[in-house]
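Asker: Below are the chains, spelled out letter by letter.
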Amino acid sequence: MLYMLYYVKISAVISTMKIDKIKKQVEKIVARAAFELPADVSRLIKKAYSVETNKRAKQALRWILDNARIAKKENLAICQDTGLPIVFLEAGSDIRVCARDIEAVKKGIESGYAKSYLRASAVGPLKRGASFYGGAVIHLDFIPGVKGLKITILPKGFGSENKSALKMFNPTVSIEAIEDFIVDAARRAGPESCPPFIVGVGIGSTADGALLLAKKALLQDLAKPNFDGNLAAMEKRILEKINRLEIGPMGLGGKTTALAVKILKAPTHIAGLPVGVNIGCHALRRATAVIK
Amino acid sequence: MKILKVPFKNREIEGLKAGDEVLLSGVIYTARDQAHQRLVSLIQASKKLPINLAGAIIYYCGPTATPKGKVIGSCGPTTSRRMDEFVESLLRGGLAGMIGKGRRSKDVRQLIKKYRAVYFLAPAGCGALLARHVVKNELVVFGDLGPEAIYRLEVKDFPVIVGIDSAGKSVYEDL
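Top to bottom, those sequences are chains A and B.
Residue numbers for the first sequence follow the working numbering, so the first one is 111 and each next one is one higher.
Residue numbers for the second sequence follow the working numbering, so the first one is 674 and each next one is one higher.
Source of the hints: derived by calculation from the structure; they are not laboratory data.
Check the hints yourself; a few may be wrong.
Stated by the list, open to error - Derived lysine to aspartate or glutamate pairs resembling EDC-like cross-links, with alpha carbons at most 20 Å apart:
no., chain 1, residue 1, chain 2, residue 2
1, B, Lys741, A, Asp338
2, A, Lys168, B, Glu694
3, A, Lys237, B, Asp706
4, A, Lys168, B, Asp693
Stated by the list, open to error - Covered by chain A, per the in silico footprint, the following chain B stretches (three or more residues, Cβ under 8 Å):
no., segment
5, 730-739
6, 770-779
7, 790-798
8, 812-820
9, 832-845
Since we're looking at a predicted model, the values are computed, not measured.
C-beta: ideal position from N, C-alpha, C; glycine also.
Starting from the given sequences, assemble the full structure and let the hints guide the process.
Answerer: Structure follows, in structure tokens:
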């Protein structure tokens with residue numbers, strides 16, 4: 111009996127420690143995502159800058175690079191739209207995750223946003239009024255083989271989110287028609303969504319599933335090619351088509367309208383073919399921590 | 674590169690052409706969705722406005738919180754198009770210019786031409802860079818809206834590009 115009590119106490123202490131750890135780590139990645147442009151995004155912008163010949167587009171890219179440098183140096187948000195916080199949790203086989211851990215993630219987001227002086231951009235959808243920190247959208251996946259709890263934050267600005275697109279195609283549609291739909295989503299996103307974009311695409315699953323895949327596609331390492339050869343070829347073709355639109359940085363023309371296209375796929379139903387598009391702006395911010 | 678003082682006093686606007694790079698110095702006011710709705714409600718009710726619109730520039734911006742020791746946080750432009758429906762009332766009230774990002778409706782282009790106003794583009798997604806060009810930041814009204822309140826910003830060499838000039842010509846002509 112005494113032993114049991116002791117065990118309960120110890121596990122309560124361990125669980126409190128884990129919650130503190132989660133909260134602290136989340137605060138850290140909130141700050142890192144807001145202040146530091148990820149290396150893979152930054153590398154592609156630098157590349158776009160070096161090949162650009164259009165004077166206005168080059169100026170816009172220079173502003174973007176200067177901005178990233180200033181943000182990191184001064185701990186200022188890269189963009190004032192510090193987004194609705196989208197959180198992806200990947201729990202491995204060696205860790206237990208419960209509701210209290212999710213609460214800790216939410217608390218870490220709220221305190222992290224406040225400590226880093228980010229913008230309170232969340233509001234009730236109809237009443238609007240005073241905005242607050244929070245409103246996190248949390249996705250949890252269990253991944254065998256992963257160690258610990260991987261937490262990734264994607265602060266998603268709404269200049270780009272507002273241009274999300276979904277189409278429920280017929281199963282017999284041509285690949286070309288799918289590609290045209292994705293290119294058209296980028297065209298409609300236009301200067302408002304802060305090009306050059308990273309275009310996330312989800313093919314298959316359900317309506318909601320395709321859009322979630324599209325968002326998860328934005329988490330992919332832009333330096334790595336798609337492991338699926340067909341999708342890699344499709345990404346390349348779509349990227350070339352989007353860049354022929356010549357919307358360019360800030361919409362002022364130029365060679366680079368999109369920095370990358372990333373596609374994820376999943377099985378779907380014999381009666382349909384959902385395709386979701388989620389646009390990432392040039393300040394595609396994300397940061398990850400792992401809780402062991 | 675042109676250098677202009679704001680608010681506008683004379684007809685400086687008419688010398689600006691779509692695509693021109695301009696540095697603005699002086700006073701501008703932030704306002705976005707909710708503040709626009711409130712301003713236009715006040716106009717419709719013939720009530721006094723909290724800001725003087727004559728020659729004024731409205732910046733579509735909701736900054737982050739202000740970090741300790743700084744004048745302002747990150748403060749880049751938001752999508753202008755959402756404010757299109759409010760533009761006419763404000764231009765009629767004397768507004769001279771707007772700063773934001775992205776395209777506007779055809780109606781807004783015609784209104785800009787009719788009222789000989791101007792629409793500027795600020796570097797989108799560059800709020801940290803733009804913060805360096807704000808030398809003073811004061812809350813004017815609608816403080817309950819937090820980042821969506823109206824702030825009076827004193828700016829110095831604030832970089833913008835003419836998006837739509839007073840002849841109604843747009844830098845995005847083909848998009």
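Asker: When the structure is checked against the list of hints, which entries are broken? Sort them ascending.
Answerer: 1
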